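Residue numbers (the numbering used here), protein chains in the order written: chain B, 1 to 266; chain R, 1 to 275.
Wrong hints could be hidden among the right ones.
[What the hints assert, rightly or not] Calculated from the model, a selection of chain R residues having no Cβ within reach of chain B, i.e. all distances over 12 Å: (1) Leu15; (2) Asp37; (3) Gly38; (4) Asp125; (5) Leu155; (6) Arg167; (7) Ser219.
[Said to hold, decoys possible] Covered stretches of chain R, as calculated for chain B (at least 3 residues, CB under 8 Å): (8) 19-27; (9) 53-60; (10) 235-249.
I should point out that these hints are in silico values taken from the structure, not numbers from a laboratory. This structure is a prediction, so every number in the text was calculated from the model and none was measured. Idealized CB from N, CA, C, for every residue including glycine.
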Amino acid sequence: MTGTDRLFLTLSWVIGMGCVIFLMLPIVITVAASFTSSSVYTLPPPEWSLRWYQSLERRSGLWEAVTLSLNLAVVSTLISLVLGTLAAVAVTRGRFRGREAIATFTVSPLMMPGLVVGVALLQFFREIGLRDAHWSLLLGHIVITLPFVMRTLLASMATFDFSLVDAARTLGLSYPRAILSVLIPNLAPAYLTGGLFAFLASMDNYPISIFLTDARNKTLPIKMLQYLEEQPDPSLAAISSGLILLAVIVLVIGSRTVGLNRMIQG
Amino acid sequence: MRRLEHIGLLALPGLTFLAVIFALPLLLLLLKSFQIDGQVSIAEYRLFFSDSYNLTVLWRTLRVALLTTLLALVIAYPTAIAMSRARGIWLSVFLVAMVLPMSVGVVVKAFAWSIIFRTRGVLNDMLMSLGITDAPIRMLFTESALIIGAANVFLPFMVLPIYAVLRQMDGRLPEAAASLGATPVFRFFHVTLPLSLPGVVAGCAFVFSLAVSMYVIPSLIVGERQQTLSMLTARSFLYLRNEALGATISSILLIIAISVVLGSSWLANRLGARS
Numbered sequence: 001m002t003g004t005d006r007l008f009l010t011l012s013w014v015i016g017m018g019c020v021i022f023l024m025l026p027i028v029i030t031v032a033a034s035f036t037s038s039s040v041y042t043l044p045p046p047e048w049s050l051r052w053y054q055s056l057e058r059r060s061g062l063w064e065a066v067t068l069s070l071n072l073a074v075v076s077t078l079i080s081l082v083l084g085t086l087a088a089v090a091v092t093r094g095r096f097r098g099r100e101a102i103a104t105f106t107v108s109p110l111m112m113p114g115l116v117v118g119v120a121l122l123q124f125f126r127e128i129g130l131r132d133a134h135w136s137l138l139l140g141h142i143v144i145t146l147p148f149v150m151r152t153l154l155a156s157m158a159t160f161d162f163s164l165v166d167a168a169r170t171l172g173l174s175y176p177r178a179i180l181s182v183l184i185p186n187l188a189p190a191y192l193t194g195g196l197f198a199f200l201a202s203m204d205n206y207p208i209s210i211f212l213t214d215a216r217n218k219t220l221p222i223k224m225l226q227y228l229e230e231q232p233d234p235s236l237a238a239i240s241s242g243l244i245l246l247a248v249i250v251l252v253i254g255s256r257t258v259g260l261n262r263m264i265q266g
Numbered sequence: 001m002r003r004l005e006h007i008g009l010l011a012l013p014g015l016t017f018l019a020v021i022f023a024l025p026l027l028l029l030l031l032k033s034f035q036i037d038g039q040v041s042i043a044e045y046r047l048f049f050s051d052s053y054n055l056t057v058l059w060r061t062l063r064v065a066l067l068t069t070l071l072a073l074v075i076a077y078p079t080a081i082a083m084s085r086a087r088g089i090w091l092s093v094f095l096v097a098m099v100l101p102m103s104v105g106v107v108v109k110a111f112a113w114s115i116i117f118r119t120r121g122v123l124n125d126m127l128m129s130l131g132i133t134d135a136p137i138r139m140l141f142t143e144s145a146l147i148i149g150a151a152n153v154f155l156p157f158m159v160l161p162i163y164a165v166l167r168q169m170d171g172r173l174p175e176a177a178a179s180l181g182a183t184p185v186f187r188f189f190h191v192t193l194p195l196s197l198p199g200v201v202a203g204c205a206f207v208f209s210l211a212v213s214m215y216v217i218p219s220l221i222v223g224e225r226q227q228t229l230s231m232l233t234a235r236s237f238l239y240l241r242n243e244a245l246g247a248t249i250s251s252i253l254l255i256i257a258i259s260v261v262l263g264s265s266w267l268a269n270r271l272g273a274r275s
């Protein structure tokens, strides 16, 4: 190694560590700000306190928003896992033309601007006469979650040995049973990471949901932005810290079961 | 096995769903923007582009997206190099720093940046206690704050594709170049950089298309005063009730997004064909 080599490498390590701090900064700041006793955001807080967590009880509509968001995230992820499994098996095992195109199409909502999808759905649902906000939100959230599931399932099925499924069929299992008892357990890591990221994407979505809500059906991100306009006190940092805790739990589950390295492969 | 010929049918439920609830609405939106009273027309676009305010917004949106992508690339490239050399606990540190922020929502992170940039916020407190400034600097509502916040949120999407390419790169290639007498700078520009370009293209395309259409981050960091295309879309639908304008702007965003996807995959193919 020459001196220049060492300089290059040292420099990239310095920037890399700076990048780690930069990435963690908003998370650390939010958690620290949530434990303040003051009603403005000063760091470090004058005194540590749980008062903003206690104040969450009095936030009107918070609980409804949390339940609605959890409900949408769980149901849309489950539906996406079912639709995604069928489509991924078809693309991986089928012998027909245009499989590449189908794979690209099912992942393409990831590359489309969320807000535009929201606007398009708003107009479309109005045209076909779908007025129920809960159903509109659920359909919209399947569009959000399906590409996450498809991306991981397609990647992992590409390397899966399907002769295992055929073997199970020779042993007398029907095709659906073989998929359920051989394919899915073997691809459990992909189901877990795909499902977790889909769940989080649904929990976090604002740009699609905002066009599909009504006064009674407000998801958590929508409610949070509304609070921020009405009364931006540190109780928002407390809600945010709750969501950060959720992300940490997901991360721990993911790293224990599939490993961090597999998680970033999406 | 005959069975395998019918297996393609399994894709039908998912495909039908996305065709009806995703592709069709986007297509209708696009078609409608080129139509007035059932007639093909580009009048809405002409109206949009004739208003100098709209052009300012369009230019600001593209500029912010471009600068965000550049800032993210400048931070991400060295980070990906360090990450591809990291082992053990250091690799875990990098991985956690990528995956955790990716799992925390945009709303939470944009909110955090609005606390950091506030006039009596975290950053100003720090600058004043260090004696760098006497009076708080106005940071929130500035374009620089927006670019820093956006680059922060989208950074993992830039680091990871570059890291994936660098990790797969044969480490002996730069060594071979070195043994043939290539200087480090020459090696970087003629070996490492060309081989990592597909990752750079993928990262830039993803970050740019996210940044061009971001909505939550600008509305929390710069607010209504400096509109972007997506804020203008939301406003024309949710407040102004000017749906024709909203449909036109969202079609413009859609066209930008599709061009980025097509352009980047064309570029990736060319790069793949060359190496």
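Status of the hints after comparison with the structure:
no.: 1; hint: Leu15; in the structure: violated (7 Å)
no.: 2; hint: Asp37; in the structure: holds (17 Å)
no.: 3; hint: Gly38; in the structure: holds (15 Å)
no.: 4; hint: Asp125; in the structure: violated (7 Å)
no.: 5; hint: Leu155; in the structure: violated (6 Å)
no.: 6; hint: Arg167; in the structure: violated (10 Å)
no.: 7; hint: Ser219; in the structure: violated (8 Å)
no.: 8; hint: 19-27; in the structure: holds (count 6)
no.: 9; hint: 53-60; in the structure: violated (count 0)
no.: 10; hint: 235-249; in the structure: holds (count 5)
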